[in-house]
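**Student:** Quick mapping for you: the protein sequence lines, in order, are chains C and P.
Position 165, counted from 1, in the first sequence is what our numbering calls 165; the numbers after and before it change by one each time, with no gaps.
Position 198, counted from 1, in the second sequence is what our numbering calls 398; the numbers after and before it change by one each time, with no gaps.
Honestly, the hints are just simulated from the structure, not real lab data.
Because the structure is a prediction, the values reported are computed rather than measured.
We treat Cβ as the ideally placed atom computed from N, Cα and C, and that holds for glycine.
Okay, the calculated bits of chain C under chain P, using three or more residues with CB under 8 Å as the criterion:
| # | segment |
| --- | --- |
| 1 | 18-24 |
| 2 | 69-82 |
| 3 | 119-126 |
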Amino acid sequence: MIPDLLARLSSAAPAEKESVLVEFLMSEYPKSLQEAVWAVAPLHWFDPSLLEAVLTVGNAAARRSYAALRALPFVEEFPGRGHTLRESTRIVLLTRLKNSRPRLALYCSRAMKYFSGRSDPDAQIEYLYHSFAAGSENAESEFARITTEWATTGHRLPDPLSARVIAAGLGGSRNIREVLQRARCGAAARQAMERCDRRL
Amino acid sequence: VRPILANRKSELELFREMLRSSSSRNILLIEGKSGFGKTDLLNLFAAECGPEITTVRFDVRNAKSGPSYVFSQFEEEIGPAAFPSFRAELSDWIHGRRVNVSGNRAIGHQTIQVLLHSDDDETRIYRLESLKSAFFSDLRSCGRRIVALIDSYDQVGTDLDNWLCGPFLSAVGRTPQMIAVIAGQLVPAANLEWSHRSCRLNLEPIESADDWHRYACELGMSIEFGIVHAFAKVLDGHPLNICLALEKYSRKPGR
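Work the whole structure out from these sequences, hints included.
**Tutor:** Structure (structure tokens):
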């Protein structure tokens, strides 16, 4: 096994080495843990409550999954929120997940439901990100509704960081300009969304 | 979660020097690629701070509300009583008059955010500047040493970037009892106002097989030196990737 791993790593391009390692590591995890790792890849952070929603399990099972995930070498604390995959690992997994659109859409639609109806801006930003990433047919109208709400309630949102998060949900979608034209976000946010790296 | 640091002795020594007040610099910028152990290094720094030091940690991924989030994080960690001037300034703006708010619970960052919301940039900048001056005046007279550990700087939004890079770090430079450490794949560009008070570190790969072998042994992994050497070499000293490889190896049955 070790010679196999070394051989694979030796022949992999530098950017692919982490992907090889994650694949080797995950192959030995129980199926339930593998599923949990894939499910958290689209999330910016996770805690037991969010895991309950994306894994569609009960509270006790979500807590067990959370404990198992926290022990993994590519999981780190996300201060004030819970935990997250280390960024480079998240990119590796998310890139693979994008080749399996239905699976990505499933996890994102569950996360979207979790964040829906919440009034705090951070949750609304996550809601929009997952709505776009899930390919929800209401994503654009929800984006327009929420950005209008922000504009009328005095929030300086979406600020560039939030805009980048939301735009990442849109991925490589060509209609980003149309989406932005219909929404009431400011020029700076519009530029941030148009120009940002949409991988995450 | 296991740390991914086999050897960051020189970085740790530099931070210790700052803590001992034997350095004229109190701003430390740590730049490193993803997986090079920036967050673990900040954890290590936090562990170095004794009880006489107040540590304020925040991750800019949480700071969507900009400077108001930064103010509120400090207030939460240090306590609202340490910020009489800041709170008076805030009340002055909110109520249009000076009122005594000392002893009240921490002011939420949404309150500050609403205050700092203005379509008029000049007004917003003026309010922010007056709040910042009061805030740092309080920090200088609170009688404590403070270490601010700021992570994921590469994720920062433009507004917060402009403020942290400019007014915030300039004020930190003039506050000797405070140390600010900023880590990210990108860190603030040098600024004439504070660059003489700063050190910049680029985290390098950890290529020494000796260091990694010692690290593995400390974690209780029974692993041959030759294997560690092979992983360190093939993975170009990338800390996270070497840790993943060692993790994989340590799971191998029969080893």
